[in-house]
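K.L.:
Using the sequences plus the hints, can you model the full thing?
Residue numbers (the UniProt record's numbering), protein chains in the order written: chain G, 1 to 501; chain L, 1 to 497.
Derived by calculation from the structure, the hints in this document are not laboratory data.
Treat the hints with care, as some may be off.
Taking lysine to any residue and the SDA-like style, the derived pairs with C-alpha atoms no more than 20 Å apart in a straight line are [claimed, not checked]:
#1 G:Lys49 / L:Leu320
#2 G:Lys395 / G:Gln114
#3 G:Lys30 / L:Leu320
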Amino acid sequence: MNAPLRRVGVVVMVLFGLLFVNLNWIQAYKADEYRTSDYNGRVQVADYKRKRGNIEAGGTAVATSKETTGTLKFLRTYPGGAEYAHVLGYKPVNLADQGIERVENDFLAGTSDQLIGDRLKDMFTGDDSGGGNVLLTLSKKAQDAAYNQLRNNQVGAKKGAAIAIDPRTGAVQALVSMPSFDPNPLASHTSSEAAAAFNKLEQDPDEPLKNRALSETLPPGSTFKIVVAAAALENGITKTTQIPAGSSWTPPTSGSPIRNADASICPEPKVTLLAAVTESCNTGFAQLGVQLGANAIKEKARQFGFEQEDLTVGELGEGGLPTAASRTGTIQNADGGDDPAALAQSSIGQRDVRMTPLEGAMIAASVANNGSQMRPYLVRQLLAPDRTTSYYTAKARELRQPVSSQVAGDLRDMMVSVVQNGTGKRAAISGYTVGGKTGTAQSAPDRPDHGWFIGFALDKNGTPISAVCVMLEQAGSGGSAEAARIAGQIMRAAIADPGGR
Amino acid sequence: MTVAATPAPSPATAGEQSGVRLARSRRNAELSLLLLAMALVAAYGATVEANLLDTVTPDFWMPAATLGVVFLGLHVVIRFLAPFADPALLPAVALLNGLGVGFLRRIDLGDAPVADREGLATFAGQGGRQLAWTLGAVILAAGLLAIMRDHRSISRYAYTLGLAGIVLVMLPAVLPPSISERNGAKLWIQFGESFSIQPGEFAKLALLVFFAYYLVRKREVLSLASRRFLGIDFPRGRDLGPVVGVWLISVLVLVFEKDLGTSLLYFGMFVVTLYIATERVSWLLIGLVLFFGGAYLAYVLGETVGGPFANFYLRAEIWLDPFADPTDKGYQLVQGLLALGTGGLFGAGPGGGQPGILPEVQNDFIFAGIGEELGLFGLSALLVVYLLIVERGLRAALAVRDSFGKLLAGGLAFTLGLQVFVIVGGISKLIPLTGQTTPFLSAGGSSLMANWLLIAVLLRVSDGARRPVTGAAGKAPRPAAGPPEQLHGAPTEVIKP
Numbered sequence: 001m002n003a004p005l006r007r008v009g010v011v012v013m014v015l016f017g018l019l020f021v022n023l024n025w026i027q028a029y030k031a032d033e034y035r036t037s038d039y040n041g042r043v044q045v046a047d048y049k050r051k052r053g054n055i056e057a058g059g060t061a062v063a064t065s066k067e068t069t070g071t072l073k074f075l076r077t078y079p080g081g082a083e084y085a086h087v088l089g090y091k092p093v094n095l096a097d098q099g100i101e102r103v104e105n106d107f108l109a110g111t112s113d114q115l116i117g118d119r120l121k122d123m124f125t126g127d128d129s130g131g132g133n134v135l136l137t138l139s140k141k142a143q144d145a146a147y148n149q150l151r152n153n154q155v156g157a158k159k160g161a162a163i164a165i166d167p168r169t170g171a172v173q174a175l176v177s178m179p180s181f182d183p184n185p186l187a188s189h190t191s192s193e194a195a196a197a198f199n200k201l202e203q204d205p206d207e208p209l210k211n212r213a214l215s216e217t218l219p220p221g222s223t224f225k226i227v228v229a230a231a232a233l234e235n236g237i238t239k240t241t242q243i244p245a246g247s248s249w250t251p252p253t254s255g256s257p258i259r260n261a262d263a264s265i266c267p268e269p270k271v272t273l274l275a276a277v278t279e280s281c282n283t284g285f286a287q288l289g290v291q292l293g294a295n296a297i298k299e300k301a302r303q304f305g306f307e308q309e310d311l312t313v314g315e316l317g318e319g320g321l322p323t324a325a326s327r328t329g330t331i332q333n334a335d336g337g338d339d340p341a342a343l344a345q346s347s348i349g350q351r352d353v354r355m356t357p358l359e360g361a362m363i364a365a366s367v368a369n370n371g372s373q374m375r376p377y378l379v380r381q382l383l384a385p386d387r388t389t390s391y392y393t394a395k396a397r398e399l400r401q402p403v404s405s406q407v408a409g410d411l412r413d414m415m416v417s418v419v420q421n422g423t424g425k426r427a428a429i430s431g432y433t434v435g436g437k438t439g440t441a442q443s444a445p446d447r448p449d450h451g452w453f454i455g456f457a458l459d460k461n462g463t464p465i466s467a468v469c470v471m472l473e474q475a476g477s478g479g480s481a482e483a484a485r486i487a488g489q490i491m492r493a494a495i496a497d498p499g500g501r
Numbered sequence: 001m002t003v004a005a006t007p008a009p010s011p012a013t014a015g016e017q018s019g020v021r022l023a024r025s026r027r028n029a030e031l032s033l034l035l036l037a038m039a040l041v042a043a044y045g046a047t048v049e050a051n052l053l054d055t056v057t058p059d060f061w062m063p064a065a066t067l068g069v070v071f072l073g074l075h076v077v078i079r080f081l082a083p084f085a086d087p088a089l090l091p092a093v094a095l096l097n098g099l100g101v102g103f104l105r106r107i108d109l110g111d112a113p114v115a116d117r118e119g120l121a122t123f124a125g126q127g128g129r130q131l132a133w134t135l136g137a138v139i140l141a142a143g144l145l146a147i148m149r150d151h152r153s154i155s156r157y158a159y160t161l162g163l164a165g166i167v168l169v170m171l172p173a174v175l176p177p178s179i180s181e182r183n184g185a186k187l188w189i190q191f192g193e194s195f196s197i198q199p200g201e202f203a204k205l206a207l208l209v210f211f212a213y214y215l216v217r218k219r220e221v222l223s224l225a226s227r228r229f230l231g232i233d234f235p236r237g238r239d240l241g242p243v244v245g246v247w248l249i250s251v252l253v254l255v256f257e258k259d260l261g262t263s264l265l266y267f268g269m270f271v272v273t274l275y276i277a278t279e280r281v282s283w284l285l286i287g288l289v290l291f292f293g294g295a296y297l298a299y300v301l302g303e304t305v306g307g308p309f310a311n312f313y314l315r316a317e318i319w320l321d322p323f324a325d326p327t328d329k330g331y332q333l334v335q336g337l338l339a340l341g342t343g344g345l346f347g348a349g350p351g352g353g354q355p356g357i358l359p360e361v362q363n364d365f366i367f368a369g370i371g372e373e374l375g376l377f378g379l380s381a382l383l384v385v386y387l388l389i390v391e392r393g394l395r396a397a398l399a400v401r402d403s404f405g406k407l408l409a410g411g412l413a414f415t416l417g418l419q420v421f422v423i424v425g426g427i428s429k430l431i432p433l434t435g436q437t438t439p440f441l442s443a444g445g446s447s448l449m450a451n452w453l454l455i456a457v458l459l460r461v462s463d464g465a466r467r468p469v470t471g472a473a474g475k476a477p478r479p480a481a482g483p484p485e486q487l488h489g490a491p492t493e494v495i496k497p
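P.N.:
Below is the structure:
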């Protein structure tokens, strides 16, 4: 019986050889695929082993990690609560992470290639210093003002957004979307709790998870007149040129007349461009738009940043929070010829024109900054875990030049006139030059209008300090005036917080 | 087989020529290897503590030392009762058992709140329970060595054991599910709240004794009185009847208990003992054809008819593509693969991984859990240790002089190897996953006891194989110089030209 016994020995060897080959296949060849699989909870537990870095705004930590005694060692907490939720996002255990937490995940988690030196150092010292720290551009005061003013707005709007930018650099000073949410339960280590909190937010009809400042586009109403005015100024019209106005005007091919918001607004047949902007004269701009043609308006809007789909707000290089593209929509006929009715309505920011609050703030900022539009950004600096080394410091970059410095100067004068003599008086700040443009946009016949304000503040020397866009969704009557008031408060806070810049 | 086709006879003769060397008891070698194994277990425990507690407690050596005392006890028993037993078996098994206890303790530590970890007592949790089981299993093994002074003596109880084996296999099937079912498999007998045994684990041993005895007795008839059909010699039905009957009953019962792994194990055990006994390769071929045919049939039936085959179909589907339903049906296998993949070549280090994520990491998936922390190199080492035990068992079978001993040791050694193959192949997606314990590693007393009994039998057979024939039983005289004498004492071995 020895011969078969020996063969059985060989069979066992072959069986174990198969096991060995198969284990090689799994643990060597397929190892990386399995290690990084979405179903592999280990990656996550390992993620939570190292202390995640802070996210800070104006010297205060708004996202930080606390040590726990659970399996997941560090709990992510958001001391800033709902106020910073749309900027920071959240880092949940079982859901997709969002916001800056997502954009800067590698650096915060300490796994970024940039931090390889720190990890090596940790290996030798035995310390675990954690992930790097992300410093945001947000001004604490401006963010407070934007959050509180928006939440307690005097027209009872439930949804809206506000964003403030430093016109000279593009650094975002405040970014709030309303309604907001508390990110803390979403980061809970009890995944059922986190999932319940998430589901509740997701099913909320007011869509609190949506970042309205960056990704919601709404008809901009009269704020779009700044774009049309810029196109006009570049086509031989000046501030003092008389343009046709009137209490009502019907475009050549359409039966529905365009009227002004109030009978007292530019009833005379001709007004200056300055007066048309100051009073927000619809009939004037409708006729001006038809005179300029669809191509001129679309092109000007594009130069201000409309139609850009790939803009992100985070670091200046790449990455960041995604934004929605603002659109002018189809203004022309199918054959490419002008459709005067569409053109007239589009020229006053209605019909298919859609704008994000970010785009509104960028228009105001480029006007304030002599026609130069800076690329908006949220990440000011990346600091090593021990805060000694800076791995990134934002260097402001021009995104584009929508208008010449001279046209920007004229637009600035007109916008300042809006705040001094026109519809935007509530944005005024004593001691500072404030300019702006209100907007009231019809959304649907049976729904209240959206209230808009875009504007900027210059100091005594004419240096731009802040550019803001406030949007109140379905705010109804008085919405744009309230938006102007809130914008003024945000800019006031930005002025009072020089450290935020 | 012609003489020309046989390989060079050196391996065969080497064992027989080394009769003089084999006659040495090598007990001191066993002792040193055992101490080495315990040192490895202690080092493993220390590394686990360093990783999970950030410190090594002054008591880290306690489990290893406790196990060491237990195994030393068995070593002393072997010195007296089986002085010529293979010296590699005990240390190899002790290493596996020790790592099993260490890994289960590591799971306990991982599950415990951080504050309580340092205070986890040696006999607490699953690790402690496994430690206690080890003590019981080793006492059982020592008892078997004491009772069974010659392995041939159990052949007297072959029919009783065969009957007992069938009863043990069938017992959970006939018992009400409340005391026999766990996780959907009816394999248990539950005594009270916390104590339960898996009788099937012991049935394996009992049935093999019966197979070995019966096949040895009918050996001549089986190989001679046969009918030729399709170029294959088939024995007469009445010669093979009882053993086929016993096997068939067991496998059918197991299939209906949905214990596919064990039924595969019994099938392999049966075919291989039949092959060793008859020396006919045709049995292996028939076995393989039956196996693959049966598996395919069960798959097709499972897809169309369902019923008792549905479970088989499901398992085959999971095996073919575990990632098709990674969060439900394929969850276990997927998580096992991810654990192995995460471990990679070197592993996360003892205590450095997250094996707690794995479902059933203390039972079926213990090899995946260990693979995460020890990596490919660690698992390869473990496989080599298993291979060593199996090949040492086969070597005892080769060297022992009686046919019953050859069949018994050969069958047991192969069954152990097959069990490792089935479970490790299952969790690594080489073959469909079937529930099996990983010998000496998985938590659970039944498996540990049954496998230690198996080792006791192998020790006994190897003692018989290596004992100088002139020596009186129980005594260990110095080896006498001179020609090897073992052929004189091989009355039942048929020496073929």
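K.L.:
Taking 20 Å as the top limit, are the C-alpha atoms of G:Lys395 and G:Gln114 close enough?
P.N.:
Between G:Lys395 and G:Gln114 the Cα gap is close to 18 Å, so the pair holds against 20 Å.
K.L.:
Would you mind confirming whether the straight-line C-alpha gap from G:Lys49 to L:Leu320 stays at or under 20 Å?
P.N.:
violated (35 Å)
K.L.:
Given the hint that G:Lys30 pairs with L:Leu320, does the C-alpha gap stay at or below 20 Å?
P.N.:
holds (16 Å)
When held up to the earlier numbered hints, the structure conflicts with hint 1 and nothing else.
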